[in-house]
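With chain A fixed as given, assemble chains R and W onto it according to the hints.
Residue numbers (this note's numbering), protein chains in the order written: chain A, 17 to 425; chain R, 40 to 124; chain W, 39 to 449.
Honestly, the hints are just simulated from the structure, not real lab data. Hints are not guaranteed to be accurate.
[What the hints assert, rightly or not] Partial chain R-side listing against chain W, Cβ under 8 angstroms, derived: (1) Ile56; (2) Thr57; (3) Pro60; (4) Gln63; (5) Leu82; (6) Val86; (7) Glu89; (8) Arg108; (9) Arg112; (10) Ile113.
[To be verified] Take a look, some chain W residues computed to stay more than 12 angstroms from chain A by CB distance: (11) Gly69; (12) Ala123; (13) Ala178; (14) Arg184; (15) Ser200; (16) Gly250; (17) Ala258; (18) Ser282; (19) Glu330; (20) Cys359; (21) Asp404; (22) Arg417; (23) Gly436.
[Stated by the list, open to error] Footprint (simulated), chain R over chain A, 3 or more residues, beta carbon under 8 angstroms: (24) 219-229; (25) 269-281.
Beta carbons: idealized from backbone N, C-alpha and C, even for Gly.
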Amino acid sequence: MAGRVVVSGIGLITAIGHGREAFWSGLLQGKSGVSPVAAFDTARYPVHNGAEVREFDPANYVRRLDVASLGRGSQFAIAAARLALDDGALGAGDADLGRCGVVVGTTSGEPQFIEAFDDALVAERDTVRVGGEFVRRYPSHMLAVHVAAEFRFGGGAITVPTACSAGNGALAYGCDAIRSGAVDVVLAGGADVFSRITYTGFARIGAVAPERCQPFDRGRKGMIPGEGAAMLVLESSEHAAARGAHVYAEVAGYGLSCDAHHMTSGHPAGDGAVRAMEMALSDAGLEPRDVSYISAHGTGTAVNDRLETLAIKRVFGRTAYSIPVSSIKSMLGHAMGAASAIEAAACALAIATDWVPPTLHLEDPDPACDLDYVPNAARKHAVRVAMNNAYGFGGSNASLLLKKPEVAA
Amino acid sequence: MDANAIRDTVKQSIARITGIPPDQISDTASYTDDLGLDSLSMLEIAVDAELCFRVKIPDDRLPEIRTVRDAVRIVSEYLGTPVEA
Amino acid sequence: MTRVAITGAGIVTPIAQTPAELHEALCRGVGSPGPLPEYAASGLTCNLGRVVDPGVLAEALSGRPSSTIDKTGQLAIVAAQRAIAACSLATAAPPELGLVLGTMFSGAHTIGEFDRRALTCGPEFASPLDFANTVLNAAAGQTAIRLALRGINSTIAGGHASGLQAIGYATDLVAADRAGALLAGGAEELCLESYVGFCRSGVLCGTNGRPGHVPVPFDANRTGFALGEGAAFVLIESACRAESRGVRVLAEIAGVASVVDPDAILRGFCARSVIAEGIRRALCRAGVAPEEIDAVSAAANGSYAADAEEAAGLAEVFGGCAALPPVTAIKSVLGETLGSAGPLQVVAMVEAMRDGRLPGICGLRDPGDCFAAGSFASRTRSVRIRFALVTAVSPEGGCCALVLRAPGADR
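Excised from the complex, chain A in its bound form:
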């Protein structure tokens, strides 16, 4: 079996704060990032709330590249990456940059550029206003390429655009790249920006809640679209030890599966979700009873929360009732491809601090959702192993397991 992979740095841009400290204290305080949408006019929509990132100035984070050449997605990714590298005390002299890679998960990439393309085409009935920058900035791999360019990494840069499970998918990819020996360090995570395309789509299919996100509550009405980014410094344990890096958690394993059932609805018995969790446990050499905390996908839709609860019970049996399960989407909304990366960061911090974040707005639990969802208040809890679950359009399921560095498999 290949070497061990650790998390040695965490950086985030979120609707409740930027950087590890602001993010974590915000989560534990139950801070909400939900507010009326500011990015565009929602008058013609049936819903009006979102979880947008506030007070973000890319100039604070972008030093090498020209900010004006970067889409907002790339700005988020670079910002989270810089915060992660600073957090992990990983400077240019601490690693062979040719053996450092970048993997960014996303759902939409840089939608503002195709939206501008469409604005021009609709207004002019012609593509005459589309410029040369569209093809240089729009494609989703530019998120990763820009991060690599900003920090001069040479060990590969790709984007994993697997929708709402992309963050976990990127972390799994990064972990494997390190285990294969191709690279020593990977900046891995996810980034997504608030976009009218995404908001329009979710609103049209009736998936968006009018007020707030209430995972597992009987009165839940859907998700709240959000945005943000999280990048984690993944490092081989040898490389981290050699430079005396602080380690938050170790990547214990992961599982990836596909429902192969429907593009937007999960498998009715949660089969794919169950397989992903079981594969992750098997990969990590752990038993269900070893898991201390589950960070749920928990979007707040009627279907997801019920199916996810069912899937957890199928994997964990009676043990499910003694494992705290929370959804931080109750606070951050659904940051799409960034969501599971942000949630992975939360898992790493839960392990490092022995606190679990709450599920906010849980006032009247759905009888079909009867697990311990850490309602409304954060809780001190020994977290040795954390499971992070994510499910995306296209039926992609991804479960990631993190553990305290000293837990033996």
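For chains R and W alone, kept in the frame of chain A given last:
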């Protein structure tokens, strides 16, 4: 006249999605049990009709549309109040 | 490390529907991309390209409704189902066959149409079914549903190198025993959004001031590339598994590496030194020396600077232009097919190994001074290929190199 136009539009939508020729889609065939449509497809068919006839059916009435006949009935109700597009 | 074998391949392209047909067409040199009627009156200064005949897709998908799947998804499904059919998986289908798909633009046309309809008619009239296809992994999701693929389902975006990187990722997964078998490859549709985009950025032939339309890789008079479209998947599994199933190994993937040039976006192309590094890493992982490579399938597509840089990168690795093995560039016929390019190059090279012939670079008249005339030729040649190198290079900096080993080649 309007009812026929609505019926044809709805059957065209169903045909596009399912591959079943319009003349083989009965007015009373169940969307779910007979035509195998899922919720996303049923929503698509409703939006196609809304777009074609410039109407807006409130979301809470959509679950009433379980057959072509239901669609014709409900779209007709809202034809009197077309939506500005 | 588990040895990784290719046991099947499936393609859908404008000029061929099977790997053998593709090889024949490339060996005959059926010509460069020609005018596209749909873009002729557009006012765009390039209107060359190759598109898949819609009838081909309709026929391949007949029997099950497919109108809710967009073109990118349809390309992926057809190529994937052809790959499965080609390797007799029906006799021993793994319970959880997975898919890794590379694409640069995904369903950009669907995304654009969805957005434009909402803009024109109002967000309340947006199409729910189109929304399902706006996620960048839609093609992989649709393929999984259509073919009941319940294993790992991943999508890789790396610009022009997406597809080869997808094969690289899948190779690593199989080599690490994370998956028993995977379909790996790519799909890319030629659409209004990408076509206009590339035109406006001056990379297509006829859009950048260089005279004429010469989308010929490595030619001294090349003026840029022409777009193509298509999809290709290879079925990969461990060599042991293939042997125990009694299926023929078409080739082994001996090594893959991915690197990136962090300065490429400032320069406009990936530097020769980075391309050379990517190739060296792949050779090292394969345990193969440069002099053992019998043929190269290059990423070159007619781009003025990028083609030269790739040739220089190859020369760096092989010890000079004179020491280069025969080089082919299939984009001379297919055009630049972005996410499906690397996989098509792999499929074509596997056929070249089987047949003992390397296709010439179609339309090549003058390789120019820095290219050794012997290695870059327009004529198809007999070559015994034991080890081959396939490269994929994206102008934003991504570079992937893959080493193939022919069945029976000594190790």
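### Query
Against which earlier hints does the structure fall short, listed by number upward?
Of the numbered hints, 3, 4, 8, 9, 10, 13, 14, 15, 23 do not hold.
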